[in-house]
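Asker: Its first residue numbered 3, the sequence shown is counted upward by one per residue in the working numbering.
No lab work stands behind these hints, which were simulated from the structure alone.
All values derive from a computational prediction rather than experimental measurement.
Calculated lysine-lysine pairs in the DSSO-like style (CA-CA distance at most 27 angstroms, straight line):
| id | residue 1 | residue 2 |
| --- | --- | --- |
| 1 | 243 | 197 |
| 2 | 154 | 138 |
| 3 | 104 | 138 |
| 4 | 154 | 91 |
| 5 | 183 | 243 |
| 6 | 175 | 138 |
| 7 | 243 | 170 |
| 8 | 170 | 138 |
| 9 | 170 | 237 |
| 10 | 170 | 183 |
| 11 | 237 | 138 |
| 12 | 183 | 197 |
| 13 | 91 | 104 |
| 14 | 237 | 183 |
| 15 | 175 | 243 |
| 16 | 138 | 91 |
| 17 | 154 | 104 |
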Amino acid sequence: MKKAFIQGILTDTLNRSITNMYKFLFLILFFPLAACASIAQSAEREASDPATILIDATGEYHSPADIIYFHINLNRFNEDAEIAFNDHKRLERYLTDFLIEKGFTDDDINANPVSISPRRYSNERGFETSQRVSVKLTDISQFEQMQVELIKNGFDNFSGSFSTSMQKEAREKALEDAVVKARRSAAILAAASGKRVGDVINIEYTSSHGPVYREAMALSTPVASDGGLLQFETKITVQEKIRVRFLLTDL
Numbered sequence: 003m004k005k006a007f008i009q010g011i012l013t014d015t016l017n018r019s020i021t022n023m024y025k026f027l028f029l030i031l032f033f034p035l036a037a038c039a040s041i042a043q044s045a046e047r048e049a050s051d052p053a054t055i056l057i058d059a060t061g062e063y064h065s066p067a068d069i070i071y072f073h074i075n076l077n078r079f080n081e082d083a084e085i086a087f088n089d090h091k092r093l094e095r096y097l098t099d100f101l102i103e104k105g106f107t108d109d110d111i112n113a114n115p116v117s118i119s120p121r122r123y124s125n126e127r128g129f130e131t132s133q134r135v136s137v138k139l140t141d142i143s144q145f146e147q148m149q150v151e152l153i154k155n156g157f158d159n160f161s162g163s164f165s166t167s168m169q170k171e172a173r174e175k176a177l178e179d180a181v182v183k184a185r186r187s188a189a190i191l192a193a194a195s196g197k198r199v200g201d202v203i204n205i206e207y208t209s210s211h212g213p214v215y216r217e218a219m220a221l222s223t224p225v226a227s228d229g230g231l232l233q234f235e236t237k238i239t240v241q242e243k244i245r246v247r248f249l250l251t252d253l
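Let's have the full structure, built from the sequences with the hints guiding it.
Answerer: Listed below in structure tokens is the structure:
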């Protein structure tokens, strides 16, 4: 009875050992085969995927500047807030009449509301008003002329920026230039690697629809404008950026 019991234990142990050995052999054989299959699939996938090249390019177009945005900053300072505000309103009334006299309409003018806040300059404390008025000038010769007239009447803080009325056309030209540059760069890189540039696979482009400006010089003192630099044509540089993926083919 005892002998049969021991034989049963030994048989059971042997069976478990054989089962574990089969499992071990299966794992040894399975993983290399699985790895080989994975490598083969990867190689097959790479062989079937087309070769491509990704190019970033920036296109430019120089458009004539035929607009100036004339920025007039109204500021008045006084230790008494009411006096500062009244002085500011006097300037504002003069500027309103001045712009109407020059023939500007609501579409040409953009004005921020007046603000007033405590200020301290050196040892002097008081209140300062602030307001910004922007005027669209389609006659560039008005830019310096208007500054001279305003300086004579108490205005002393100006700035300006060039723009163009052909922004849409300029952006389209800049995009065309970007595509040409992208293909040229791709062709150079492809030739160096023994390939030829094929069709465009996709293009990524995010338009910058904001206005295009270039800073214009403002006068700080009244001077004659005859013979000034504004007589020369000024250009606005419009840029557009794209990312293009090209197909590469064998030579």
